[in-house]
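Note that the protein sequences, when read in sequence, are chains A and B.
Here the first sequence is numbered in the numbering used here, starting from 1 and rising by one per residue.
Here the second sequence is numbered in the numbering used here, starting from 1 and rising by one per residue.
Keep in mind that the hints were calculated from the coordinates and are not lab data.
Here the structure is a predicted model, which is why all the values come from computation and not from measurement.
Among these hints, one or two may not hold up.
One copy or any two copies: either way a pair holds, since identical chains are not told apart in the list.
What the hints assert, rightly or not - Pairs of lysine-lysine residues, derived as DSS-like cross-links and limited to a Cα-Cα distance of at most 27 Å, are as follows:
| no. | residue 1 | residue 2 |
| --- | --- | --- |
| 1 | 21 | 2 |
| 2 | 2 | 36 |
| 3 | 3 | 56 |
| 4 | 46 | 21 |
| 5 | 46 | 56 |
| 6 | 64 | 2 |
| 7 | 46 | 64 |
2 protein chains.
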Amino acid sequence: MKKEQIQQIVGNRIRSLRESKGISQQVLAAMCNFEKGNMSRIEAGKTNPTLMTLHKISQALEIKITDLVDFE
Amino acid sequence: MKKEQIQQIVGNRIRSLRESKGISQQVLAAMCNFEKGNMSRIEAGKTNPTLMTLHKISQALEIKITDLVDFE
DNA sequence: TGCTTAGTTGTCATATATGATAACCGATTC
DNA sequence: GAATCGGTTATCATATATGACAACTAAGCA
Numbered sequence: 001m002k003k004e005q006i007q008q009i010v011g012n013r014i015r016s017l018r019e020s021k022g023i024s025q026q027v028l029a030a031m032c033n034f035e036k037g038n039m040s041r042i043e044a045g046k047t048n049p050t051l052m053t054l055h056k057i058s059q060a061l062e063i064k065i066t067d068l069v070d071f072e
Numbered sequence: 001m002k003k004e005q006i007q008q009i010v011g012n013r014i015r016s017l018r019e020s021k022g023i024s025q026q027v028l029a030a031m032c033n034f035e036k037g038n039m040s041r042i043e044a045g046k047t048n049p050t051l052m053t054l055h056k057i058s059q060a061l062e063i064k065i066t067d068l069v070d071f072e
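Throw the hints in and build the complete structure from the sequences for me.
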């Protein structure tokens, strides 16, 4: 499985969970202590996030990291 | 939860799964296309691995990423 | 029309992960 | 003792994630 595909899957997962909570990238990014532009890139699968970044996002979304990386 | 703690948990998980397969850091690292020294640091929780690094390791161990990041 | 909100994208500086090499340690084996 | 094996650690160059800022688009609304 290619790098971009995996990043895309995780990004899509974040986006859908974020939208199901009804919050904007702006707000989610702020909860994670970074800027909306960076959240946009993560959701778009344009970066290869670290364990800690995934952890911060999962905490903000009140889910487990496993919910973000559950594939294959 | 602190960064170091999370990295440590994931590192320990990798180590225990690797040992249960009876392979050395050397061999696992080679399967992931990197050096044993770097695998040592990951298992020791000294780095903050990226999504792709976790994916490569999980593929080599024939497990799912979720098995590595299943905590909290 | 003008204003606001949500998201995207470009660029930047800085930190750090990655990947490699080498030196080292401890245990084991010859 | 010497050699090997598994693991650790230091250091390096390079790539890239992070975090920030700004400019832009598009949609919705007063």
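Find the hints from earlier in the document that the structure breaks and name them by number, from lowest to highest. Those not satisfied: there are none.
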